[in-house]
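Chains as they are written, first to last, in my numbering: chain D, 1 to 328; chain X, 1 to 546.
Calculated directly from the structure, the hints in this document are not laboratory data. All of these numbers come straight from a predicted model, not from anything done at the bench. Be careful, since some hints might not be right.
As the list claims (entries may be wrong) - Using 25 Å as the maximum straight-line C-alpha spacing, the simulated SDA-like pairs for lysine to any residue come out as follows:
(1) K173/D - K205/X
(2) K132/D - V189/X
(3) K497/X - E180/D
(4) K494/X - P302/D
(5) K497/X - D452/X
(6) K173/D - A35/X
(7) K232/D - G454/X
(8) K173/D - T463/X
(9) K232/D - T167/X
(10) K494/X - E174/D
(11) K232/D - G491/X
(12) K158/D - A35/X
(13) K497/X - A300/D
(14) K232/D - K494/X
(15) K205/X - R226/D
(16) K205/X - E180/D
(17) K305/D - V189/X
(18) K442/X - V270/D
(19) K305/D - A462/X
(20) K497/X - P302/D
(21) K232/D - T463/X
(22) K173/D - V95/D
(23) K305/D - L327/D
(24) K232/D - Y500/X
(25) K205/X - A300/D
Stated by the list, open to error - Residues from chain X that keep clear of chain D, each with C-beta distances beyond 10 Å, as calculated:
(26) G112
(27) K113
(28) Q122
(29) T167
(30) R172
(31) A176
(32) A345
(33) F363
(34) A484
Glycine included, every Cβ here is placed at the ideal spot set by N, Cα and C.
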Amino acid sequence: MGTDNTALSRREALLKLLRVAGAGAGAAGLGIWLSEHSWRPEAALAMAAKHGHTVVADPNLPEMAIIQGGEPTQLARQAVEELGGMRRFVSRGDVVLVKPNIGWDRTPEQAANTNPEVVAEIVRQCLNAGAKRVIVTDVSCNDARRCFQRSGIAEAAKLAGADVILPDPSRFKEVDLQGEVLHAWPVFDPFLNVDKVINIPIAKHHGLTGTTLGMKNWYGMLGGQRNQLHQKIHESLVDLADFVRPTLTIIDCYRILLRNGPTGGNLEDVLLKNTLVAGTDPVALDAYVAKAYWNMDVDALPYLKMAANRGLGTYQFEKVRTSVKKLS
Amino acid sequence: MRLKPTKLRVFSQITFFLLFLFLLLRTEFRGSLSASGSEVRLPYPVGLFFQLDPLVALSNALASHALYRGLLWSLVILIPTMFLGRFFCGWICPLGSVHHFFSSFKSERKRGKQLIESNRYQRWQTTKYYLLIVAVVAVMMGTGIVGWLDPFSLLVRSLGLSIVPATNYGLRAALAVLEHSRFAPVQTVGGVLHFMLGTLLLSFKQPYFRQGVWLGVIFIFIVALNFRITRFWCRALCPLGALLGIVSRWSVLGLVKSAEHCNDCNRCLLRCQGGDDPAGGVPWHQSECHLCLNCVQECPEHSLKFKFFPRQKTVGTNLQRRKVLTGLAAGAALVPLVRSTPGFAAERHERLLRPPGALEEEFFLSRCIRCGECMKVCPNNALHPTLTEAGIEGLWTPVLVPRIGYCETSCVLCSQVCPTGAIWEITPKEKGWSVDVSGAAKPIRLGTAFYDRGRCLPWAMATDCIVCEEWCPTSPKAIYFRTAEVIDAAGNVKQVKQPYLDPARCVGCGACEHACPVQDRPAVYITSVGESRSRTNQILLNRRRG
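Next comes chain D alone, as it looks inside the complex:
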C-alpha cells in the first residue's frame, strides 16, 4: 500500500490533535478561572491613620502665650519659651511636621502666607530639641513651586535644616478621616506617620467665614476636590482639627491680612501687628485672635463651639492660662 501524500501520517495527525486539544483546554480553563474572579471594581479602601499628636498638659505652664512687639524670630523664640520650651513638645528622635500656610503665590510682605522667619525659628528649635527630622510642607492652592519659592518659606526652612517637601501629586493616600462630614479623602502622605505636628498658620481675612486662623490651615493637608469643603465649612474644619490634634499651634500675627483674604496681594490690606499667639489649645487660640483682630465673637464662628463639643479645647479663651509678654 502506497503512502497517501496528501494526508498526514496517523502519528502526526494525533500529535496535531493533541496540540489543538491542549490549547483548547488551556483556553477553557483560563476562561473559567477568570469568569469566577469577576467583581465590580471598588476604589481602594481608605486607610485609618488617625492619631493625636498632643503632649501632656502641665498645670504650671500657660496654655496660651501672646508675644508682642518684636521681630518674627524673637517672637517665635519667646513664644515657645513661655510655653515651657521646645523640649516639652519635641522629644529626642521625633519626626516633626511643621505646617505653615504656603497656599498662595505671594511674597511675605503681602501676608497671604506664614512669615518665613517664624517657620525657620521653629524648625531650628525642633532640631535643637533633638528632633530627628523636621518636615515643612503644605498643599498649596496656587502652583506649589511658585508658592514655596516666592513665600520665602522653602529657602528659610531649608537653611534652618528642614526637609522641605513639595506636594507631589503622586504622594497622596486615601485616608479615612473618621469625621462627621469628612470620610475618605486623599491626604498628602508626609502628614501621616509623624510623631509631632506644629501648626503655624497666618491670621487672615476670609470671605466665607470672616477670618481664617489655625484650624482652617488643615485644608492644606488634603488633595482631591477640596473646593467642596466650603459647603460645610464649619463641620469640615472641626473634622480636620480632630483628625490632626496638633502638638502646638502658633498663629502668625506679625503681619495680618485685614481685607480681600485669603489671597490679598495689595499691601494696603496688610497691617503690621508684630505679634505671635501660641499655645496648646487650638480652639482658644482661634477664638482669641478672631476677637482681638476682627472683633468676632464666638457665635460668629460656629466651628469654635463645635470644636469645643468635640473636646478639642475651649472657646472661652479668657479662662485659659495665658501669658502676655511685650518685647521692647
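Using the hints, position chain X against chain D.
Chain X in isolation, oriented as in the chain D frame:
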C-alpha cells in the same frame, strides 16, 4: 590616529540634540527650594534654537518689519551657510539628527541597490521650496503658518506637547507599579528610580495637552517616512532646509568629483543624506547637500573631496517658473480665503482666551509660529493648542483653558519664552494683577468672568460656597457677595452668600472657573470679551484698557 570627519559630525549631532532636549525639558519652572527672589524666571535660555533659526527670523521680519529680541542670533547660522552650504542640516539640526538616526536602520545587505537608487536626486525634492514660498507669502499677508513646518516648531510642539507628556505618563505608571509593590525592596527601588527620574526627566505634575495624540501621531508618521526614504522630511518638506538651500547657492565650499578615479560603483549614494547626487556622471546638487561627508568616506577610490573654490559645475536650486508662480498665488490667496469666514473679524470664538501679553489677534496670528513653547512652560498646564477656536489659520496657536488651569497671578513665563514676540515680554508688574486693578493701573485682561446662576450653589441650590471669591486674586476682589435669604428643599429659611462680579476689577485669569466645585461645567466661566489686547472685543464704556 586621525579622527574621521564623520565621527566628528556624529559627535556634533548628538551634542546639539542633547542640548535641545535638555533645553526642552527645562522649559518648565521647577521651583527652587534654595532661592526666594520675588520674580520667577527660567535659568536657561530655552528658546536658543528658535533664536538661531533663520526661518523664524525671516518670518518675524516679514510679519513685524523688525526683528524680535534675540532673533539677530540667526545670523550665526545664516552667514556661515552662505559660505559653506547646509552644514546646519547635517551637523546641528536636532530634527535632522532624529531623521538621520531613524534613516540609518536600512540594511545595506538587504536593500543596498534600492538604497542607492532612492538616494539619487529626485524632482520632488523641490517641493520644500514651493512650501517655503507659500509660507513666506502667507506670513507677508498676515499669518505665521510657516511654524506648522518649521523644524523647531515641529519638534518642540511634537515632543513638548505629546511625546514628553506620554513618556511622563508611561514612566509614572511603571513607577507606580514598583512603588505599590507588596515587597519592600521593590518599593525602595521604585522610590530611588522615582527620585532620579524626577530630577532628570519627569515633570512636576503630569502634563496633558489638547490634541496631544494628533501631534504625536503626525510626528511618528513623519519619522516613519525615513524607513522608506532617507530623510524624506529634510529633502522634500523642510522650509528651513529650503531657505538654507537657497542661500547656499553661492557657497564657496563644494564637492569635487575626480572623474578619472571614479569607477561608477555608486557607493557614495549608499548613505547620502540629502539626495544631492555625489555620484559620477551627473552634476552635484549643492543646495541639497547636508555636508554629512558620508560620500567622501564611502568612496573606495578616494575620488570625492570637499574643497574651497572648486572649479566644477554644480546645480543650485532649480525651480520651475510655473510652480513658483503657483506657490506665490497660493500663499497670496490663502489668507484672504480663510478670512472670508467670520471667525477672525466678525465672530471671534468666545473662548479664545490668549495668554497674558499676547498681541491683538491680527499681530498675534502673523507673529506666532505655533511652536508650543508657551504651552510647555505654563506651570498650571493652562495653555493648549487650538483646533478651530482661532480659525483654520490659527491651528495650534495657544488658548487658555481655565477649567484645566488658570493663569497664575504673577507668572509671566509664557511671555519670557515666546521666541517671536507674539506674546510680548511683560513683567509681573505690567501684568498688574496684585494691586487694585480698577484704579489708575491698567492691568492686562484676558477676558471677563460670568455666572451661570442656574448651576451656582448659593444661587440655585441654597448651599454655601463662594470658593470663586476665595481664589479671586485681585485686591479688592472682582468677585463680591451679598448675604441673601433662601429657602431650601425642606422649606427652611437659610442665609447664604451669593457671588457677583465686578467687571471693572475682573482680569479674566480664570482662577474662579478653575476652583468652582461644579466640576464638569463650572458655574462661573471666562469668555474673551473685555480682553485688554482688543479694541473691539469690549463690553463696558468706561472699563479701562491695558
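These are the hints, each one checked on the structure:
no.	hint	in the structure
1	K173/D - K205/X	17 Å, holds
2	K132/D - V189/X	24 Å, holds
3	K497/X - E180/D	24 Å, holds
4	K494/X - P302/D	15 Å, holds
5	K497/X - D452/X	15 Å, holds
6	K173/D - A35/X	30 Å, violated
7	K232/D - G454/X	21 Å, holds
8	K173/D - T463/X	29 Å, violated
9	K232/D - T167/X	40 Å, violated
10	K494/X - E174/D	33 Å, violated
11	K232/D - G491/X	19 Å, holds
12	K158/D - A35/X	10 Å, holds
13	K497/X - A300/D	15 Å, holds
14	K232/D - K494/X	13 Å, holds
15	K205/X - R226/D	18 Å, holds
16	K205/X - E180/D	32 Å, violated
17	K305/D - V189/X	48 Å, violated
18	K442/X - V270/D	23 Å, holds
19	K305/D - A462/X	24 Å, holds
20	K497/X - P302/D	16 Å, holds
21	K232/D - T463/X	9 Å, holds
22	K173/D - V95/D	19 Å, holds
23	K305/D - L327/D	33 Å, violated
24	K232/D - Y500/X	21 Å, holds
25	K205/X - A300/D	39 Å, violated
26	G112	41 Å, holds
27	K113	40 Å, holds
28	Q122	50 Å, holds
29	T167	15 Å, holds
30	R172	7 Å, violated
31	A176	7 Å, violated
32	A345	36 Å, holds
33	F363	29 Å, holds
34	A484	14 Å, holds
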